[in-house]
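Colleague: Residue numbers (our numbering), protein chains in the order written: chain C, 1 to 416; chain Y, 1001 to 1416.
These are calculated hints, taken from the structure and not from any lab test. For every residue, glycine included, the Cβ atom is placed at its ideal position computed from N, Cα and C. Accuracy of the hints is not assured; some may be wrong.
[What the hints assert, rightly or not] Calculated cross-link-like contacts (lysine-lysine; reagent style DSSO-like; alpha-carbon spacing at most 27 Å):
id	chain 1	residue 1	chain 2	residue 2
1	Y	K1030	C	K34
2	C	K308	C	K325
3	Y	K1034	C	K273
4	Y	K1030	C	K238
5	C	K162	Y	K1034
6	Y	K1205	Y	K1179
7	C	K34	Y	K1151
8	Y	K1034	C	K238
9	C	K325	Y	K1030
10	Y	K1205	C	K238
11	Y	K1034	C	K30
[What the hints assert, rightly or not] Pair ranges (Cβ atoms, derived):
id	chain 1	residue 1	chain 2	residue 2	range
12	Y	E1048	C	A390	54 to 60 Å
13	C	A390	Y	M1186	55 to 61 Å
14	C	A40	Y	R1319	42 to 48 Å
15	Y	T1166	C	E48	51 to 57 Å
16	C	A152	Y	G1327	48 to 54 Å
17	Y	P1312	C	E255	20 to 26 Å
18	Y	E1048	C	K179	57 to 63 Å
19	C	V221	Y	W1328	33 to 39 Å
20	Y	W1328	C	A204	48 to 54 Å
21	C	W258	Y	E1048	32 to 38 Å
Number of protein chains: 2
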Amino acid sequence: MTTRHNNIRADIGRLWASLMRSAEIGTTPKGGLKRLALSADDGVMRREFVEWCEAAGCKVEIDPIGNIFAFRPGTDPTAKPVLVGSHLDTQIKGGRFDGILGVLAGLELVRTLNDHGIQTRHPVALVNWTNEEGARFEPPMIGSGVFTGGKALDFALSRTDKDGITLGQALGEIGFQGKAKINADMFDSLFELHIEQGPRLDDAKIQVGIVTGAFGVRGFVVEVTGETGHVGPTPMAKRHNALVGAAHVTLAVEEIGWSEAQNHGKSTTMRVKVEPNLLGILPDFVEMTCDFRHPEEPSVIKMMDAFKARIPELEERSRCRIAVKEGWAYGGMRFDADCVDLVRDAAQKAGYSTLDLLTEAGHDAMHVAEVLPAAMIFTPCEGGLSHNEAENVSLADIEPGVNVLLQAVLARAGAV
Amino acid sequence: MTTRHNNIRADIGRLWASLMRSAEIGTTPKGGLKRLALSADDGVMRREFVEWCEAAGCKVEIDPIGNIFAFRPGTDPTAKPVLVGSHLDTQIKGGRFDGILGVLAGLELVRTLNDHGIQTRHPVALVNWTNEEGARFEPPMIGSGVFTGGKALDFALSRTDKDGITLGQALGEIGFQGKAKINADMFDSLFELHIEQGPRLDDAKIQVGIVTGAFGVRGFVVEVTGETGHVGPTPMAKRHNALVGAAHVTLAVEEIGWSEAQNHGKSTTMRVKVEPNLLGILPDFVEMTCDFRHPEEPSVIKMMDAFKARIPELEERSRCRIAVKEGWAYGGMRFDADCVDLVRDAAQKAGYSTLDLLTEAGHDAMHVAEVLPAAMIFTPCEGGLSHNEAENVSLADIEPGVNVLLQAVLARAGAV
């Protein structure tokens, strides 16, 4: 069978059927997905994915952190595999496409190559990264972190969920603690397709997002310390209510986000833990998780500095002690120019409308980009909604991105 | 043995020994008490209290909600008992005296009468109310609520703690679900001694607080509803972060408290429940528990109205929906004039300095005052600190109040 490989198209109907099968595993009442990393449902999904890969002729290997790799051989035994993938785990109230699209579009790519009898010089390898979301085990993107060497395996395996189960135990329970020795040096490059999780493509009715890099992110934990006391007799002037301190912090974080909103900066207070959080008692402690994001790395640093500079004022207004106890930084990088050009070429040749943008969310590809040439492709998603059960895309939304992934990977892997 | 009863004094050293024995049951690392209602430790304390009462010649009876009554007979079979008591349960990070002082001062009163061979026309009855704090089962003051008929027994027994254990099960587990048919009609009056839990007596170095009534209280639950979304790509203008809504509510509640602070009004946000409260997700729901307190009932109503009037503005600023879902009112009443006069007379005869004040906290006596003549006496406590492990009093702080309790009860019960 001979095919002009640059004209082939993925079978979007078949991909959609796979996505809809995935949407049956961990379905929520509102039609989203709750498929937490290494849960029983994640186990069901992983086994089904492995079966699909094997049926498509791939050799499947599992590494010690549970990342699943499926290899389609190439013709050149010295050429390293081109990686394609994302993640199959979801948020606790997640959608049906976040991550899943990237994994199953990789599978569809292999199936399409098979249909057309196309061989490539480089092998093509699919990947499902373990615990991308961080909804069960923290930090997020831990599977790709171990792959790149950024996170130690022992550290990753010892992370615990809210019930005290370690990631290692959970891997064992679903039978996905593998022994394959797999590391970044073994691969050529990575391509990840993902829904945008924001509204820019959908608002502008643009078909393909060419992801050139990532927003700078500064995450941080704020500890607000007050003093317990009885909510009745304690006079206003003697109170040190940690929830009042937390409210001042939340609004300061919010204001700093708005001050950079016209430049696409943003800020979030996303999580709080309050003690003792009981009727009748002034709370004496709040731990808050916040972040700032900005397209420009120097600006996100400024936002963080602006927050720190406000702490004395927030302490005075709330009469609590306020301290940034932990901070982390990621993003702020740019993807590999050659890989990005392959994406752009594929989109242009197909006549798709495109927009260059930066990812504002964290993705495994950002970890991998530290050690391998990498690129990302975004598809539009309805209203930009994500991390939400109502997250949605149509076939028409994803078809361009899936075909751009196919052609970019084919170009990189070298159709023969 | 003959004694001029109006000169007798309680044995404060013996009372202190009982308080310090209580302080050994459920001790926290910081030297406070965690003796949640109907916990194993509460069971130990209750059994010890029952032994002490029986050793002092009292007949002990337990009612179906677990209130413990200990009766010292009077000389007149037609005269109803004068009740004296408070509660032995504590907050989760509670002190050694809140409630406990009132119960054990009652016991000391009986022991002192025994020492001096004093009989009274009315019986004297001690009481330990079940679940005053509300730290394990809500609402608080549930034992006295059932006693007065304000709360149905079935409702009270079906309350659950955070582990889903019902109050009825917990009573059974520690063996304190009694069968005695006891109600308010069987009693003459109630006197409750309590630490102030505020700083007014301690600041002014006044020995005895004469509690003439209670602050008006309006408690309420606020529900803030936003929308989940990814904390990365969602632009500031498309966010509906429920924690931002909660911060605006907290600061509005705080401002309304400050606006009445010079009149001793106050406000609190004490508890929040956040969903989904996870990394990476904009929270879509916060349930908040707040209250307003004011010495004057009309003013606390105004504070509540002022908050409700601000809701549209808070909704606009946070772009969340904000609703008051549940509200409750208590206090705002005045204690029985005759009982209060007995307290005042006893203090004046003993030459103690006094201050008339209103209780700003909820107490069982406020429930009982709806159905029986009642009064409360406050002792100073160090720095006004309470609902805190560092809550503290000295012997000198409590001696005047304990003796005022003794003399007021003796006057009401009629020494013979």
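Colleague: Now, for every hint given, state plainly whether the structure supports it.
Modeller: To see whether the hints hold, each was checked on the structure:
1. Y:K1030 <-> C:K34: Not OK: Y:K1030 and C:K34 at ~41 Å, beyond 27 Å, violated.
2. C:K308 <-> C:K325: Given pair C:K308, C:K325 holds - Cα atoms ~12 Å apart, limit 27 Å.
3. Y:K1034 <-> C:K273: holds (21 Å)
4. Y:K1030 <-> C:K238: Holds, at about 21 Å.
5. C:K162 <-> Y:K1034: holds (24 Å)
6. Y:K1205 <-> Y:K1179: violated (45 Å)
7. C:K34 <-> Y:K1151: violated (41 Å)
8. Y:K1034 <-> C:K238: holds (24 Å)
9. C:K325 <-> Y:K1030: Given pair C:K325, Y:K1030 holds - Cα atoms ~24 Å apart, limit 27 Å.
10. Y:K1205 <-> C:K238: holds (18 Å)
11. Y:K1034 <-> C:K30: Cα-Cα ~41 Å, so violated.
12. Y:E1048 <-> C:A390: 54 to 60 Å: The hint (54 to 60 Å, Cβ to Cβ) holds, given that Y:E1048 and C:A390 are roughly 57 Å apart.
13. C:A390 <-> Y:M1186: 55 to 61 Å: holds (60 Å)
14. C:A40 <-> Y:R1319: 42 to 48 Å: Violated - the Cβ-Cβ distance for C:A40 and Y:R1319, about 38 Å, lies outside 42 to 48 Å.
15. Y:T1166 <-> C:E48: 51 to 57 Å: Given about 43 Å between the Cβ atoms, the range is violated.
16. C:A152 <-> Y:G1327: 48 to 54 Å: holds (52 Å)
17. Y:P1312 <-> C:E255: 20 to 26 Å: Given about 21 Å between the Cβ atoms, the range holds.
18. Y:E1048 <-> C:K179: 57 to 63 Å: holds (60 Å)
19. C:V221 <-> Y:W1328: 33 to 39 Å: holds (35 Å)
20. Y:W1328 <-> C:A204: 48 to 54 Å: holds (51 Å)
21. C:W258 <-> Y:E1048: 32 to 38 Å: violated (59 Å)
Of the hints listed earlier, those the structure fails to meet are numbers 1, 6, 7, 11, 14, 15 and 21, in rising order.
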